[in-house]
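A.B. asks: Protein sequence lines, in the order shown, are assigned to chains V and E.
The opening position of the first sequence corresponds to residue 1 in our numbering, with each subsequent residue numbered one higher.
The opening position of the second sequence corresponds to residue 1 in our numbering, with each subsequent residue numbered one higher.
If you are wondering where the hints come from, they were derived from the structure by calculation, not from laboratory data.
Built from N, CA and C at the ideal position, the CB exists for glycine as well.
One should not assume that every hint holds.
[What the hints assert, rightly or not] Heads up, incomplete: computed chain E residues facing chain V, CB under 7 Å, no partners named:
id: 1; residue: M173
id: 2; residue: I175
id: 3; residue: A178
id: 4; residue: G185
id: 5; residue: G189
id: 6; residue: Q191
id: 7; residue: A210
id: 8; residue: G214
id: 9; residue: Q240
id: 10; residue: G283
id: 11; residue: G289
id: 12; residue: D297
id: 13; residue: L300
id: 14; residue: W301
id: 15; residue: R302
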Amino acid sequence: MDLDPLVTVLGPDPVVAAERDRVRAFLDRADFTPMVDGWMAGFSPAFSRALGAEGWIGSTWPSRYGGRELPNRVRHAVIEELLAAGAPVAAHWFADRQIGPSLLRHGTQEQRRRFLPAIARGELYFSVGLSEPDSGSDLASVRTRATRQDSGGWLVDGAKVWTSHAHEAHHVLALVRTSPPDPERRHAGLSQLIVDLRAPGVTVRPIRSLDGAHHFNEVVFDDVRVPDGDVLGVVGNGWPQVIEELSYERSGPERFLSTFPLLSTVDGPALGHLYSRVWALRQLSTGVAAALDDARAAGPPSLDAALVKDLGTGVELDVIDAVRRTGRPHPLLAQAQLASPGFSLRGGTTEIMRGIIAAGLGL
Amino acid sequence: MTEAGTLAAEICAAGRWEALAEAGLDRVGLAEEYGGVGGDLLDAVDVARRAAGFAVPLAVADTLLIGGWLAAAAGFALPAGPLAVGVAGEPVPWARAAAHLVLADDSGVSVHPAGTYTVVAGTNLAGEPRDRVRVEGGPSPHRPLPDDGSPLLRGAFSRAVQISGALDRVLTMTIAYANQRQQFGRPIGRQQAVRQLVAGMAGEVAATRAAVAGATAALGSAGPGRTPDALLAVAAAKVQAGRAATLVARAAHQVHGAIGTTQEHPLHRYTTRLWSWRDEYGGEEYWAGRIGEALRDRPLWRALTG
Chain V
1 MDLDPLVTVL
11 GPDPVVAAER
21 DRVRAFLDRA
31 DFTPMVDGWM
41 AGFSPAFSRA
51 LGAEGWIGST
61 WPSRYGGREL
71 PNRVRHAVIE
81 ELLAAGAPVA
91 AHWFADRQIG
101 PSLLRHGTQE
111 QRRRFLPAIA
121 RGELYFSVGL
131 SEPDSGSDLA
141 SVRTRATRQD
151 SGGWLVDGAK
161 VWTSHAHEAH
171 HVLALVRTSP
181 PDPERRHAGL
191 SQLIVDLRAP
201 GVTVRPIRSL
211 DGAHHFNEVV
221 FDDVRVPDGD
231 VLGVVGNGWP
241 QVIEELSYER
251 SGPERFLSTF
261 PLLSTVDGPA
271 LGHLYSRVWA
281 LRQLSTGVAA
291 ALDDARAAGP
301 PSLDAALVKD
311 LGTGVELDVI
321 DAVRRTGRPH
331 PLLAQAQLAS
341 PGFSLRGGTT
351 EIMRGIIAAG
361 LGL
Chain E
1 MTEAGTLAAE
11 ICAAGRWEAL
21 AEAGLDRVGL
31 AEEYGGVGGD
41 LLDAVDVARR
51 AAGFAVPLAV
61 ADTLLIGGWL
71 AAAAGFALPA
81 GPLAVGVAGE
91 PVPWARAAAH
101 LVLADDSGVS
111 VHPAGTYTVV
121 AGTNLAGEPR
131 DRVRVEGGPS
141 PHRPLPDDGS
151 PLLRGAFSRA
161 VQISGALDRV
171 LTMTIAYANQ
181 RQQFGRPIGR
191 QQAVRQLVAG
201 MAGEVAATRA
211 AVAGATAALG
221 SAGPGRTPDA
231 LLAVAAAKVQ
241 AGRAATLVAR
251 AAHQVHGAIG
261 TTQEHPLHRY
271 TTRLWSWRDE
281 YGGEEYWAGR
291 IGEALRDRPL
301 WRALTG
């Protein structure tokens, strides 16, 4: 197995440094309380709009869609700064990270014009509709179905769970079955539909987390009409589209920076140990972002992404233990502990990540 | 990764220093004005990594990354042949096989040809020479230690590089074994427990490569005023390498089963090196402590982002 493509020796980069300084200045001026999991739990339309005004949402997109055509490695630096600071970036997070890129890769011109500029302004928010009550790790088994109507468009029935912020977002990108399941071809017959969360037949119910917070939801679809114009990509091509999205999702720095704000009370060798792991992960994650700029044609970074996620969740958990061992209080320690089971579950469990890695190694 | 590294891989398999020297790989990455052959630190790192991945019984890394650098940085013309480096009080790797000894202590750096010192043989866990030396005769010329880093730091960097090379080899061996060894009617690599274990190995191997790459970049641009970045980067690489060495050696032996614990099977050549190198030039706890100290006066995120 060749790990060479994973590692780039990166030199100093003035373009990245300049953008990083801008973000730091913005964060110094901004008014927010640092939090754990700011990208999941910190839903703030005001903060997202302010970021949008600075050009930090959809920053890699073409300018005609509201982007600034920044290279991925510059976006990576911006994201890192926001996460390390514990900023409330949840409202625009999924739209910026995966929905927007998916619209650019698979969307129609009309969809791109309709959605991308508003996302980039920090005004339009999306949820991701993948998991269902009976489909978690085995995503191909989803049962929410979309039935073609003679008069055109689709009728959607089923339910999605763990849909972050569906109670506050505008649309959900849902993975649905558009052809009957075929045991010989489990990944065939799936499609992605952009569903308006305010449409008749959509019911959103909160799922309270064990810490009392509400960001997850169950979204029930009862004969919800979705026009043809809201199908993302090709009917029946949902699975490869989703796999691609997940790769981009998994390799980002949120996979190891969720508990970074807690490190302020750790010192000595304990800090040194964690520093070395975060350092290594930063090199890996930055390298993946840089490689995306160089090799878009090479395909999604599935193996690299799984490696970063697996390593990263280990670090996030160990940060909590290190803070506890100092015996010193930290304002975010309670929040972090209550959120901790989610680190190794969300976006693909550790066990699934390791399965992907094992297959990628040729086992 | 580099042409020099690929060539080194072929030559190291033969195990002769002369072959390495004929190809000019014994002086790659070292200053030309002192007798180096050009190339940069990345080339030297790649050669050293490849040699480590073959468990070559030659002082490749010690010469390229520690001794050669130290002698050149102190202003000595580079002598031919393998170099052994003695850093204040520690056993000297390869002293009995070296053409020259490079000593660094409080009085500075000095270079001693073979024959001007006596050697008491010793070894590390892998059976590599870790000797005691006594320099004979009168005082020899000393030059001041270079400003841009310490021998201990360079030594730690070298071992991190070497560990990375050995980790790659151990991972490759383990995947091959898991695919080939059959039990219960199928390769053991099909078992979930084995897959999860090997996947964990791959993470640490990748993290170490990345940390070493970061340290190479930091050292490559090191100079007066940049030393704090090089210290943190190298220390982080050594801590990560030590962590990985421990986890990967353990998992590799677990997958290989009993046969991997025999002298006959090649795995021990690499795992004994991992166990040895993780503690040479400072173990994880030492360098984690140095990072902690360095971060007392620097905001954590700024230090990480350089």
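A.B. asks: It remains to establish, for every hint, whether it holds in the given structure.
C.D. replies: Hints versus structure:
no.	hint	result
1	M173	violated, 11 Å
2	I175	holds, 5 Å
3	A178	holds, 6 Å
4	G185	violated, 17 Å
5	G189	holds, 4 Å
6	Q191	violated, 10 Å
7	A210	holds, 4 Å
8	G214	holds, 4 Å
9	Q240	holds, 5 Å
10	G283	violated, 11 Å
11	G289	holds, 4 Å
12	D297	violated, 12 Å
13	L300	holds, 6 Å
14	W301	holds, 5 Å
15	R302	violated, 9 Å
Checked against the numbered hints listed earlier, the structure breaks hints 1, 4, 6, 10, 12, 15; every other hint is satisfied.
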